[in-house]
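These protein sequence lines are chains A and B, in that order. Plus 10 on top of the position in the first sequence (first one is 1) and you've got the working numbering. Plus 13 on top of the position in the second sequence (first one is 1) and you've got the working numbering.
A hint or two may mislead.
As the list claims (entries may be wrong) - For the chain B half of the interface with chain A, some residues (derived, Cβ under 10 angstroms), not all of them:
id, residue
1, Q25
2, S26
3, A30
4, I43
5, G46
6, G59
7, G78
8, I80
What the hints assert, rightly or not - Derived pair list, reagent style DSSO-like, types lysine-lysine, alpha-carbon separation capped at 27 angstroms:
id, chain 1, residue 1, chain 2, residue 2
9, B, K123, A, K15
10, B, K266, A, K274
11, A, K266, B, K79
12, A, K277, A, K322
13, B, K38, B, K123
14, B, K37, A, K133
15, B, K152, B, K123
16, A, K133, B, K371
17, B, K38, A, K332
18, A, K332, B, K371
19, B, K79, A, K274
20, B, K38, A, K277
21, B, K38, A, K274
22, A, K194, A, K266
23, A, K277, B, K79
24, A, K15, A, K70
25, A, K266, A, K405
26, A, K277, B, K37
27, B, K336, B, K123
28, B, K427, A, K405
29, B, K37, A, K266
30, B, K37, A, K332
31, B, K371, B, K427
32, A, K405, B, K37
33, B, K88, B, K173
34, A, K15, B, K298
35, B, K88, A, K24
36, A, K168, A, K15
37, A, K227, B, K336
38, B, K38, A, K405
Hints in this document: simulated from the structure, not taken from any laboratory. Where is the CB? At the ideal position from N, CA and C, for every residue including glycine.
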Amino acid sequence: MIQGKTRIVRELEKIVGPNAVIHTEEELRVYECDGATIFRALPDMVVLPATTHQVAEIVKVCHREQIYFVPRGAGTGLSGGALASQGGIIIGLNRMIRILETDVPNQRAVVESGVVNVWLAQKISGDGYYYAPDPASQTACTIGGNVAENAGGVHTPKYGVTTNHVLGLEVVLPNGETVEIGGKVLDPPGYDLVGVFVGSEGTFAIATTVTVRILHKPEAVKTLMGIFHNIEDASNAVSGIVARGIIPACLEMMDKLSIQAVEKWAKAGYPMDAGAVLLVELDGPKAEVEALADLVVEVFQAQRVREVRVAKNDEERELLWKGRKAALAAMGQIRPDCYLQDAVIPRTKLPIILKEIEELSQEYGLPVANVFHAGDGNLHPFILYDGRYEEEIRKAVELGARIMNRCVEMGGSITGEHGVGLEKQDFMPLMYTEDDLEAMMKVKCAFNPDQILNPGKIFPTSKSCVEVGQHKRDRIRYEPHRIEKEGLAQRF
Amino acid sequence: MSSGPVNQTRRQSAFDAADPPEEKKYLECIHCGLCLPSCPTYLEMGNEMDSPRGRIYLIRMADEGKIGITDSFVKHMDACLLCRACETACPSGVQFGSLMEKARGQVERKYKRRLSQKLLRRFILSVFPYPDRVRAMLKLGRSSQRLGLRRLVIHGGLSKSLQIMEELLPPPDEVPADIPLPRVTPAEGTPKFRVGLLTGCVQQVLYPQVNAATVRVLARNGCVVVIPREQGCCGSLQAHEGGLEPAKAFARKTIDAFEQAKVDYVIANAAGCGSMMKGYADLLKEDPLYAHKAETFGQRVRDALQFLHQIGANGRYGPLPLKVTYHDACHLVHGQQIRNEPRALLRSIPGLQLIELKESDFCCGSAGIYNLLEPEYGVRFLERKVDNIVATGAEIVTTANPGCELQIAMGLRKRNITMKVLHPIELLDMAYQAGIAPRS
């Protein structure tokens with residue numbers, strides 16, 4: 011609860027105008043969750059600035075009053091990262107939606123952080139360019155949010171994730187200072203602060219404008235759909251593609267339940283009875299694409315593919331992707347709520363983990379659909395439940411944890427692209443020792459020493475920046491080295 | 014599933030039992046947010062309460078008894094255009110339109126509006142569904158334009174609405190005199206279909222030429238066109254504003270009128286009416302006498318352009334060397350998912366150049382009577398639309414809904430732009446005329 015809320019509301023209204031401060035409970039309720047509805051937390055206020063200056067002024071108030079604040083883009087995130095989990099102010103960036111500059115010949119664009127990912131692509135499409143990172147929610151998610159989560163997408167096998175496409179940032183630090191990091195050139199001298207910042211999940215500073223790299227569209231694009239009898243064959247086909255040295259632009263797999271949910275809406279021609287579907291997109295010079303497509307078909311055939319379909323034109327191709335990208339959104343047809351996991355596993359373990367997930371799904375009585383960014387081993391199990399029943403929420407969370415544990419045991423990781431946020435902080439010790447976590451916290455404390463910005467995320471413990479590293483210092487103090495004890499050496 | 018509900022002591026819903034928003038419909042929303050950028054009010058206001066996802070969340074909370082039907086609940090329900098663009102965007106197929114109409118139904122019965130707002134609504138809804146009254150208002154509007162009557166209306170809340178109402182009315186010389194249409198128009202050549210035409214309340218008064226063109230074009234395509242005299246309003250304006258009971262009465266009357274006419278198809282040339290009639294089944298599903306009738310009726314409804322495209326309109330068009338753009342009426346593109354058919358028909362006219370309109374499926378702000386009830390926002394959406402229309406460089410803008418025609422024409426008039434606003438079927442009609450007697 012914020013002390014002197016009325017006074018602060020008034021002060022913020024002076025900065026952003028009366029229609030841009032939300033403070034009544036029923037209106038705040040709509041901000042209590044993002045795309046991961048399993049977590050809910052009511053903010054004390056929501057403020058909607060329209061300029062970097064306004065963001066800075068709001069943050070100065072928060073800093074002066076030591077009020078927690080959390081940036082939020084479109085609220086499509088899947089790890090609860092945009093929740094005011096400890097109360098405080100949500101700074102919604104949905105009014106900062108201008109594309110400030112597109113410099114096509116030099117392959118860069120400057121956007122405000124509330125710009126929706128796909129708007130940029132639409133803006134430069136006529137010039138033959140595009141913005142490569144394309145998360146499934148790209149029609150709604152913001153580029154600022156993509157920066158926070160270091161978002162991936164279906165094009166990651168060949169083009170990497172958001173960090174590979176960000177050149178510079180204008181950010182407001184937690185004390186209200188506005189600074190620029192990076193710039194317009196690729197790899198500027200000095201520390202790669204942009205690299206440090208991208209993926210910091212809104213715990214370092216609030217990005218207000220983003221300079222991104224844009225790419226020329228390839229000469230040719232070809233999308234093949236391999237329809238398989240089962241997951242094993244499809245997984246082997248993925249390994250086969252990689253073993254041939256092919257780097258596809260996209261390499262995506264969907265299981266039966268996902269295919270069925272998606273097809274009902276998208277009507278893209280996904281086979282409702284297939285065991286698994288592989289989508290492979292190849293791009294580049296026409297001759298190369300054609301040659302690689304033949305190789306992919308060979309690999310498919312070696313794995314008893316039931317049928318190979320090739321998108322005949324852009325329309326068919328877009329329809330296939332529209333379907334794939336709607337996977338999460340289409341799950342509402344099956345159950346009211348979805349708890350989406352974001353595990354990474356070694357590609358070869360996919361058939362094993364999917365079999366185990368199927369068994370767990372039976373055990374808990376909750377349906378689980380799966381999509382798989384096969385190119386980078388990022389598995390998304392959609393755990394489907396009904397949030398009106400407490401028992402089901404508990405089961406969904408437990409089932410998720412068991413999947414996560416198995417993925418880590420198999421040599422994987424707890425998140426591929428959705429971020430840790432609130433959702434996976436308890437899984438962090440599966441991946442890191444306390445020392446590892448403290449090293450990361452030190453970086454956070456360099457940006458956010460009071461931890462008033464987006465507190466309670468990523469890390470399983472809530473240490474103040476003063477406490478960070480304390481146990482290590484204590485250990486050094488109380489455990490002198492053997493040679494010191496023996497009087498052979500002395501510490502100065 | 015076996016476990017009990019979270020809210021064992023579930024609070025009392027803010028809604029009553031008469032047509033509440035259905036739980037199973039709002040549960041289909043998985044809160045992914047893909048609808049957000051499709052929503053005009055979200056883009057304009059930038060807050061979550063004025064987004065489809067936020068509105069569904071508010072409806073759900075009201076149904077779960079966590080909030081009441083308060084001023085701010087009503088504000089966010091009122092601000093919705095009901096353009097249903099979110100339905101097009103939603104992969105889970107959430108029926109937002111039905112949720113919103115039913116939420117508004119509850120609001121109308123359970124919320125006390127300010128007197129001026131109440132009167133305004135009552136006035137608008139007692140005029141538009143009745144062609145005779147629309148005709149009377151047209152006359153009155155003109156005299157008030159002359160006499161400056163509205164200056165007498167000093168009530169701040171209403172003057173803006175009344176001003177828009179006046180400005181919406183086309184100048185007298187642009188509205189043709191009533192064009193009487195026969196009850197039955199024979200088909201040209203061998204009759205292939207017997208179709209009924211809904212003439213619409215606003216359409217028949219302000220755009221009688223559109224109905225006349227529709228009849229000619231249908232007849233040319235082998236249709237016997239019946240215009241049942243017993244027909245009335247389809248009920249869409251009422252339903253839009255939550256007047257579900259009057260809407261049901263209109264729906265029953267419409268169903269009866271066309272049933273008696275024994276037609277194969279019911280044709281609407283106003284997107285709002287077509288969308289409404291296709292959805293009668295949802296409106297009347299609790300009505301034991303009409304539930305089944307409404308369903309079979311809905312299956313027979315076609316938008317005029319959809320129907321022509323479906324039957325393969327005969328292509329004996331003469332050339333129309335015109336630069337044309339097309340605005341998707343919300344209740345055609347989102348309400349009925351008809352996007353390509355009108356474009357295909359326009360493109361089939363020789364010489365006609367169809368220029369795509371940026372944000373063609375973004376609401377123009379007319380939205381039933383939204384432009385009158387929420388004049389400030391209605392105008393903002395209109396400005397955005399007119400900017401895009403001007404940027405096409407077209408000579409004619411076409412759209413298949415009278416509300417959009419009025420709204421866009423007003424926007425153009427205010428900027429002194431002499432671009433014509435037509436229904437696509439008028440161009441088809443002109444092309445057929447040009448095919449008979451090529452102009453020299």
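Right, here's what the structure says about each hint:
no. : hint            : verdict
1   : Q25             : violated (16 angstroms)
2   : S26             : violated (14 angstroms)
3   : A30             : violated (20 angstroms)
4   : I43             : holds (4 angstroms)
5   : G46             : holds (4 angstroms)
6   : G59             : holds (4 angstroms)
7   : G78             : violated (12 angstroms)
8   : I80             : holds (4 angstroms)
9   : B:K123 - A:K15  : violated (32 angstroms)
10  : B:K266 - A:K274 : violated (35 angstroms)
11  : A:K266 - B:K79  : violated (38 angstroms)
12  : A:K277 - A:K322 : holds (16 angstroms)
13  : B:K38 - B:K123  : holds (22 angstroms)
14  : B:K37 - A:K133  : violated (38 angstroms)
15  : B:K152 - B:K123 : violated (35 angstroms)
16  : A:K133 - B:K371 : holds (12 angstroms)
17  : B:K38 - A:K332  : holds (23 angstroms)
18  : A:K332 - B:K371 : holds (21 angstroms)
19  : B:K79 - A:K274  : violated (33 angstroms)
20  : B:K38 - A:K277  : holds (21 angstroms)
21  : B:K38 - A:K274  : holds (17 angstroms)
22  : A:K194 - A:K266 : violated (45 angstroms)
23  : A:K277 - B:K79  : violated (38 angstroms)
24  : A:K15 - A:K70   : holds (16 angstroms)
25  : A:K266 - A:K405 : holds (22 angstroms)
26  : A:K277 - B:K37  : holds (23 angstroms)
27  : B:K336 - B:K123 : violated (50 angstroms)
28  : B:K427 - A:K405 : violated (60 angstroms)
29  : B:K37 - A:K266  : holds (25 angstroms)
30  : B:K37 - A:K332  : holds (25 angstroms)
31  : B:K371 - B:K427 : holds (21 angstroms)
32  : A:K405 - B:K37  : holds (22 angstroms)
33  : B:K88 - B:K173  : holds (18 angstroms)
34  : A:K15 - B:K298  : violated (48 angstroms)
35  : B:K88 - A:K24   : holds (23 angstroms)
36  : A:K168 - A:K15  : violated (49 angstroms)
37  : A:K227 - B:K336 : violated (31 angstroms)
38  : B:K38 - A:K405  : holds (24 angstroms)
Consistency with the previously given hints fails for numbers 1, 2, 3, 7, 9, 10, 11, 14, 15, 19, 22, 23, 27, 28, 34, 36, 37, ordered from lowest to highest.
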